[in-house]
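Following the hints, position chain U against chain C.
First to last, the sequence lines map onto chains C and U.
Taken in order, the first sequence gives residues 1 to 170; the numbers are from the numbering used here.
Taken in order, the second sequence gives residues 171 to 591; the numbers are from the numbering used here.
Read the hints as simulated data drawn from the structure, not as lab findings.
Backbone N, C-alpha and C fix where the C-beta goes; we use that ideal spot for every residue, glycine too.
One or more hints might be untrue.
As the list claims (entries may be wrong) - Below, in silico cross-link-like pairs of lysine-lysine (DSSO-like), each with a Cα-Cα straight-line distance of 27 Å or less:
{"no.": "1", "chain 1": "C", "residue 1": "122", "chain 2": "C", "residue 2": "2"}
{"no.": "2", "chain 1": "C", "residue 1": "159", "chain 2": "U", "residue 2": "318"}
{"no.": "3", "chain 1": "U", "residue 1": "220", "chain 2": "U", "residue 2": "318"}
{"no.": "4", "chain 1": "C", "residue 1": "159", "chain 2": "C", "residue 2": "2"}
{"no.": "5", "chain 1": "C", "residue 1": "122", "chain 2": "C", "residue 2": "159"}
{"no.": "6", "chain 1": "U", "residue 1": "220", "chain 2": "C", "residue 2": "159"}
Unchecked claim - Simulated DEER-style distance windows between Cβ atoms:
{"no.": "7", "chain 1": "U", "residue 1": "418", "chain 2": "C", "residue 2": "129", "range": "47 to 55 Å"}
{"no.": "8", "chain 1": "C", "residue 1": "158", "chain 2": "U", "residue 2": "255", "range": "23 to 31 Å"}
{"no.": "9", "chain 1": "C", "residue 1": "155", "chain 2": "U", "residue 2": "238", "range": "34 to 42 Å"}
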Amino acid sequence: MKLRARAHCFGDDINTDYIISSRMKATSLDLDELARHVFEDFDPDFLNRFTPGDAIVAGDNFGCGSSRETAPLVLQRIGVSAVIARSFARIYFRNSINIALPALICDTSGIEDGARLAMDLKAGKVEDLDHGTSLQCEPYPPFMLRILEDGGLAAHIRKHGSYDLEKTDG
Amino acid sequence: MALTLAEKILSRKVGRDVHRGEIIVAPVDLAYSHDANRPMPMELLATFGKEQVWDPARYVLCLDHYPAPTSAVAVAHRQLRDFAERQGVRLLDVGEGISHTTLSERGLASPGDLIVASDSHACTLGAVGAFATGVGSTDLAAVLATGKIWLRVPETLRIECHGSFRDGVTTKDLALHIAREIGVNGANYMALEFGGTAVEALPMHARFTLTNMSIEYGAKTGLVPVDATTLSWLSAHGSARTEAFGPDPDATYARVFEIDLDRLDPIVAAPHSPGLSRAASTFEHVHVDQVVIGTCCNGRLDDLALAARVLKGRKCAAGTRLYVTPGSRQTMAEAAASGVLGVLIEAGATIGTPGCNGCVGGCHWAIPGDDDVVVTTANRNFKGRLGNPKAEMYLASPATAAASAVLGRIADPRELLESRP
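Chain C extracted, bound-state conformation (with noise of 0.2 Å):
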């Protein structure tokens, strides 16, 4: 899976309260109504800036807090291509994947807001275009990376029968 992106780039500790507000959700699912919403308080300039196919990029804890499944879903929904984080928080992670959304790990300090970047999934390589650099992502799990590739979890669970770990390394 080969993407390519322009970065937002962001800082640490990016909350999923920030991602979409807990009282934007109070109704039934209206992604589309949500994602008007999207980092409201805390960049409300974000979506006249972001366009379609964008990656964001993010220092270290990317979704820390709630565990709303409603933020990798806003993101998704306004067509981020990937999130790329020095490190995520552990439950807007498994989200993320869960959905299909790419979430990749690696040393963000370098990349500038604005940049050109291209994303390889499978090989877990993010590179920079304006730098000339490349940028080795942590390895997924073999087994998350099946979720993506399956399409999320709900795809891979009715496609296997339940979770298929057998080609995990433990």
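Here is chain U on its own, set in the frame of chain C:
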């Protein structure tokens, strides 16, 4: 190889010794969802190709995040009630209380259990020696469909506590101190294991506050070894267990933190992160518009009683509002019977429906105005979390919160506690 408490619990679930870094699939003892989860569980169960949850006795639906539902939420509540009835699963309806608080009170969490909930503060139940962890809606639906969850066995960060709290200092202050010491990402993907003579001396309500905050450091779960205190509390709450257990004595840890409780002061976390913690007294210039007491962090009877101890015979400062929500109907009843509730009301408290009031803005409870300063016993203070991004939230213990309500500014509770039994 010697096992940490997390490894021991997961090993028992899987039927063989498992160690940090391994990926396992384990059977779940208890799963629970909340009315805040979107997509809702019945929508997701269908995407897994299932119509029936794997074991109705092991699943609870909790309507705790919207104790004052809007008309839109009321529609969702009805859908969830219908789903619970169709599935034959237990429902905690509006007003029963916060999931983590209420399920533990009803003896539904036991030592050695693997508990999965679609709320990040599921880690609270680690205080009874259960591996309890929060997940998103899809992961929870996978549990409903299969009865199992996949997990990476975490490394463990051990926190050893010695000494004892001085008067006016509580486990909430300890938890905020830990947030500063290890950072909001310091325990990322790890299990926390609390131990030491001071933890052994903690009553259950204090242990629940400690494990509750584990997620705020990025931890997968927070665990307290099962001892006589745990077993006695469980026995009083309908869960008959007799086996005490903890980590192997020679278990090894990713990190060990030692904390001397004697050296702790009341601590307050500044906006907008639990990690921005320092002594409450350093904030004494900050005027307070609103005080919130409750949440799964500090909504138990002992928390309310501590606030009452500070507030007895006193009133809120003019211009400072006080909102109190007992964590469960049972706590509310006990607070009423014991006179605690009366003290709080007399001091000027507005009492809320048991539930997640004061934690998230979605509750429509105590939402602050622009530029309002709030002192809250909640566990996180991200900008906008209580419903207004233009307000500032400070995290504190029930004692600090109560003292701040009386004085109209952030206050070290010992200013008001010196002469009080």
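Is the Cα-Cα distance between residue 159 of chain C and residue 2 of chain C 27 Å or less?
-> 24 Å, holds
Given the hint that residue 159 of chain C pairs with residue 318 of chain U, test it: the Cα-Cα distance must not exceed 27 Å.
-> 16 Å, holds
Measure nothing beyond the straight line between the CA atoms of residue 220 of chain U and residue 318 of chain U; if it is 27 Å or shorter, mark the hint as holding.
-> Cα-Cα ~14 Å, so holds.
Evaluate the given range 23 to 31 Å for the C-beta pair formed by residue 158 of chain C and residue 255 of chain U.
-> 26 Å, holds
Taking 27 Å as the top limit, are the C-alpha atoms of residue 122 of chain C and residue 2 of chain C close enough?
-> 8 Å, holds
Could one say that the CB atoms of residue 155 of chain C and residue 238 of chain U fall in the range 34 to 42 Å?
-> 38 Å, holds
CB-CB spacing for residue 129 of chain C and residue 418 of chain U relative to the 47 to 55 Å hint | 51 Å, holds
For the pair supplied as a hint, residue 220 of chain U and residue 159 of chain C, confirm whether the alpha-carbon distance does not exceed 27 Å.
-> Answer holds: residue 220 of chain U to residue 159 of chain C is near 13 Å, not above 27 Å.
Are residue 122 of chain C and residue 159 of chain C close enough, with their CA atoms no more than 27 Å apart?
-> Since the Cα atoms of residue 122 of chain C and residue 159 of chain C sit roughly 20 Å apart, the hinted pair holds (cutoff 27 Å).
Comparing the model with each earlier hint shows no violations; every hint is respected.
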